[in-house]
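**Q** Going down the list, the sequences are from chains A and B.
With the first letter of the first sequence counted as 1, position 193 gets the number 193 in the working numbering; the numbers rise by one all the way through.
With the first letter of the second sequence counted as 1, position 202 gets the number 202 in the working numbering; the numbers rise by one all the way through.
Hints are computed from structural coordinates only; laboratory data are not their basis.
Don't take every hint at face value.
Ranges between beta-carbon positions, derived for each pair [what the hints assert, rightly or not]: (1) L213/A x L220/B: 29 to 35 Å; (2) A211/A x G123/B: 23 to 29 Å; (3) W103/B x H56/A: 34 to 40 Å; (4) E127/A x R233/B: 29 to 35 Å; (5) G123/B x L206/A: 21 to 27 Å; (6) R137/B x E127/A: 42 to 48 Å; (7) I84/A x R223/B: 51 to 57 Å; (8) G123/B x M207/A: 24 to 30 Å; (9) F164/A x R101/B: 23 to 29 Å; (10) I18/B x F228/A: 33 to 39 Å.
Glycine included, each C-beta is placed from N, C-alpha and C at the ideal position.
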Amino acid sequence: MLMDASTLLAYLPVLLAGAVTTVELTLFTLIGGFVIALPVALARNAQGSAPRWFAHGFVFFFRGAPLLVILYLVYYGLPQIPGIKESPIWLLIARPMPIAILALSLNSAGFLTEIIAGALRNVPAGEVEAARAFGLSRLQTFTRIIAPHAARLALRSYGNEAVFVLKGTAVVNFITITDLVGAANQVYFNTFDPFTPLIVAGVFYLMIVFAMLRLVKWAERRLNPWAFAAPS
Amino acid sequence: MDLALFSLGPTGWGDELIAGLDLTLRLAVTAIIAGTALGLVSALAEITPVPLLGRSLESINMVLRSVPELLVIFLIYYGAAIALAALLAPLGFTGFFEIDRFWSGVLALALIHAAYASEVFRGGFLAVPKGEIDAARAFGMSPLLVFFRIRLPLAFRLAMPGLTNLVMTTLKSTPLVSAIGLQDLIRVAGDAGQNTKEYFQFYMATLVIYLGIAAVVLVLQTRSERRLFRHLRVGR
């Protein structure tokens, strides 16, 4: 009763196309979220109070607001900015896909900022001082000492956040994009069998999550080779 | 900002928005209470040494934590009627079930909440110091009494920060139930936007309401944590 093989076979291409959209959205959101979160995280740890307050506001705003509300605000709000329809940016954002990625990235950046800022703060001061004492410039200290160490500290939380990004992409159904959930929904309306498409979609999501967790494990090994070295 | 849009009565959308907010809050509170209770039960089942039960609950929770909320909502809303009818078919039932949207939404959000809460509670139970349990046993408390007087209160305290975070997460998932046609806050705001072509203002109002709720939860969280962990504070 739960699974119907003929439905599955007939509609597998639809579901796969949906899965591709979901993976695409997740990848672009992970990139966009990181690009937005890094400067905000640096502001969060800055000396001055103005950047710190900005970062606090940013985090509160995007962590406290439901993803769907942010999506609708961007989707309906951007076109109302005067003059935007004449500017070249309009060509880029007149389609739902870039708007969805922008909204998802902003939401993810709210969570990512805290993760990155926390990891950067927890790099031992001694390491930074030692690097400076060895004559590394500030930029070198950041790229060679602080960033790798912070990446190690943040990796676990980052993996969890990536799973949340994947789950969050389902909201794009509200702005006419058909992702994996949307594809399953379409199959339901064609066949009136909710179980086959939705369970298959669920299995796809699980497979993506497992792949993500494997990637995090792999990155953990690469970043901490000594912790995983074979005992000699 | 045009305040006439938000006035009460037939011309403004104020009363409709309040009704939507009422539905959202009822849905969230019911789902959070039911989900927390379910999560506690699930955590207890996971830490009791009944092998198969714990493992299967763990897998179910893992699945619920990996798939989008929207998928669970659809599965329950579309699937519950068919599943119920199929279950009752052997008893000679041939009718059709009308599944209530509100309760499908509550059930979906509660199950997801429970999947996360179970993890939080389990962490709490595992973090209860063994010495406290040994001490209580040495004082002659029965295992049941130890559970209610020592393990449960301590685990609850340790789980509290995680649980309040979950309250926020579930609150922010509530707009998703508008996908099954519930007239919640965001759906009403959308209808108002469609009628007046003022989408931005109505969604902005929705945002402010949600951020207000988030701020209240945040204050309650800081307060409750200060109270629960006051024994750990040094000096004052």
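**Q** So, for every hint listed, does it hold in this structure?
**A** Cross-check of the supplied hints:
1. L213/A x L220/B: 29 to 35 Å: holds (33 Å)
2. A211/A x G123/B: 23 to 29 Å: holds (26 Å)
3. W103/B x H56/A: 34 to 40 Å: About 39 Å separates the Cβ atoms of W103/B and H56/A, which means 34 to 40 Å holds.
4. E127/A x R233/B: 29 to 35 Å: holds (31 Å)
5. G123/B x L206/A: 21 to 27 Å: holds (23 Å)
6. R137/B x E127/A: 42 to 48 Å: Distance hint for R137/B, E127/A holds at roughly 46 Å.
7. I84/A x R223/B: 51 to 57 Å: Given a distance of about 43 Å, which is not inside 51 to 57 Å, the answer is violated.
8. G123/B x M207/A: 24 to 30 Å: Between G123/B and M207/A, where Cβ atoms are some 27 Å apart, the hint holds.
9. F164/A x R101/B: 23 to 29 Å: holds (26 Å)
10. I18/B x F228/A: 33 to 39 Å: violated (57 Å)
When each numbered hint is compared with the structure, violations occur for hints 7, 10.
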